[in-house]
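Kindly generate the complete structure, drawing on both the sequences and the hints.
Letter by letter, the chains look like this.
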Amino acid sequence: MIEFERVCKRFGDFVAVDDLSLRLADGEFTVLIGQSGSGKSTTLKMINRLVPHDSGRILFAGKEINGFREEDLRRRMGYAIQSIGLFPHWTVARNIATVPALLKWPKARITSRVEELLQLLGLDPAGFAHRYPHQLSGGQQQRVGVARALAADPEVLLMDEPFGALDPVTRSALQAEIARIHQVSGKAIVLVTHDIDEALLLADRIVMLDQGRVVQDGTPRQILLEPASDSVTRFVGRSEVGLKLLGLDQVHSRMRAPISASAEGISRSATLREALSALIASHAEQLPVLDEHGQTVGSIHVADLLDVTR
Amino acid sequence: MNPAPPRRWWLDPLLWTGLLFLALTFGMSRLQPLFHTLFPEQERPMYLQATFPSLVLAHVLIVGLSSLIAVVVGGGAGLLVTRDSGRDFRSLLETVVAIGQTFPPVAVLAVAVPLIGFGTTPAVIALALYGLLPVVQSTIAGLESVPQPVLQAARGLGLSRWQILWQVELPLALPVLLAGIRTSVIINIGTAAIASTVGTQTLGSPIIVGLSGFNTAYIIEGALLVGLLAVVTDLAFERLMIHSQQWRLATMPRNRPITSASPASAQSR
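As you go down the protein sequences, you meet chains A and B in turn.
Residue 1 is where the first sequence starts when you use the numbering used here, and the numbers rise one by one after that.
Residue 1001 is where the second sequence starts when you use the numbering used here, and the numbers rise one by one after that.
Derived by calculation from the structure, the hints in this document are not laboratory data.
Note that the structure is a prediction, hence the values are computed from the model and not measured.
Any given hint could turn out to be false.
Lysine to any residue pairs mimicking SDA-like chemistry, simulated, CA-CA at most 20 Å apart [said to hold, decoys possible]:
1) A:Lys104 / B:Leu1165
2) A:Lys104 / B:Ile1164
3) A:Lys244 / A:Asp197
4) A:Lys107 / B:Gln1167
5) A:Lys187 / A:Phe29
6) A:Lys104 / B:Trp1162
7) A:Lys104 / B:Ala1141
8) A:Lys104 / B:Gln1163
9) A:Lys104 / B:Gly1064
10) A:Lys104 / B:His1243
11) A:Lys187 / A:Ala176
This is the structure we're talking about:
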């Protein structure tokens, strides 16, 4: 889908991206992560040519990106940034319709697409379509931003720290939303963040950058279990590796037969990390596991949480 | 989207000053008895060398033409120096335009006459030069007030340069831009009166003739109309500026049911 071949980018004397080679697969959720100045955002912006690369080749759909007309390339890629990127003088509906309008879709198709996207992102079309961005909360604005990026059914979705400006509650709601959208649509997503928890939660694959180079490229589990260097361990947080590993799996993966305990149950889709927290809070060795309807379907035992590294 | 003021139209100051202006323009000659009473020592207290409607028309044309030139030239220059390719010329432009503003308009007229001669042309040139500064400044300020993330999103979504300019930058800069044009036009309405010193017919003609002939009645007739024209124009610009940022005035639909409002607006789309 997207391929970097020995790509370099300098700003004056500063080397932002240094000999980067990377292949991003169809349908994959890739998270580019690193500290400020690691080159993660530059890497993302080189994909849609907001930042031109100096040397090397970047391929999109098998073709060098400089071979596309700039606007055509960008219209085939969704692009979402922090909420302030909405056009303040356009209604929510007009904002979402930006790219379909550029592509000259018929009016009826645009209207139905806008409605579909508002519903997908949990915004009531009747109530929101004709509001202006300043009439929305931060979380609602960001939802509109994501809807706008998805509007013309792009082949890949590029997201530059999309949830950076949101409060923790809204952020985790939107993270869940984007994970669901990825599952439903099967689209390739490239997301830039500096938040390791966000990366572990969302990514199929994490590419960790430092000083313009890839320091590690792997699944969340690999990043936690086989850190390529000390800097990776430091970034992840040495003392929290175990808890973060627990965060990758859900309760149903370690479920035992049901027990008859009086303690409060835990949802089967909760993470093992949440299960451990619940176990500690209730002073119990095991807890009943509940399905979506609140029926007991099994139990989780504290001993089973200790073997996550295997 | 409906325009804002269906308040109570009979309280609209634009309506009343506009009507007063029109009434005085077309009915000034009927006030001859009044001016006779006010200025009994004057034999001819009513300016009759030209009709007032023709003076108003000439005045409006000169102001309109010179403002149009100021907007096209000033706006164009302001636009150029906010593009990547023209950024280096920005401080130069601002200095040149600011210097232009420091010359008194009478001096510009005085210099223009020996070069171009008497008539309307030197007046239009002087007024256009004089109106440049507010337009240039407001164009630059307006375009720079467009938030960077909005521009970045526009580029990232695939809008072309022209589309970004027409659909994003200019609409967002418009309120500030209009404020500059408003200042420029209002200044020119006053300054155009002075332009009759170089032989142009404007609403300044009765004022100048009145000043040189000690005829206060002429001065009042001209000054009333110039003043009213400025007030009417200013109010009209105010209306236009409110109109140009309707979207800003939309408030949180908190206390009223959303569903009752939406079908109507959906149909108007």
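Hint check:
| no. | hint | verdict |
| --- | --- | --- |
| 1 | A:Lys104 / B:Leu1165 | 19 Å, holds |
| 2 | A:Lys104 / B:Ile1164 | 16 Å, holds |
| 3 | A:Lys244 / A:Asp197 | 8 Å, holds |
| 4 | A:Lys107 / B:Gln1167 | 18 Å, holds |
| 5 | A:Lys187 / A:Phe29 | 8 Å, holds |
| 6 | A:Lys104 / B:Trp1162 | 16 Å, holds |
| 7 | A:Lys104 / B:Ala1141 | 33 Å, violated |
| 8 | A:Lys104 / B:Gln1163 | 14 Å, holds |
| 9 | A:Lys104 / B:Gly1064 | 38 Å, violated |
| 10 | A:Lys104 / B:His1243 | 28 Å, violated |
| 11 | A:Lys187 / A:Ala176 | 16 Å, holds |
The structure fails to meet hints 7, 9, 10 from the earlier list, while all remaining hints are met.
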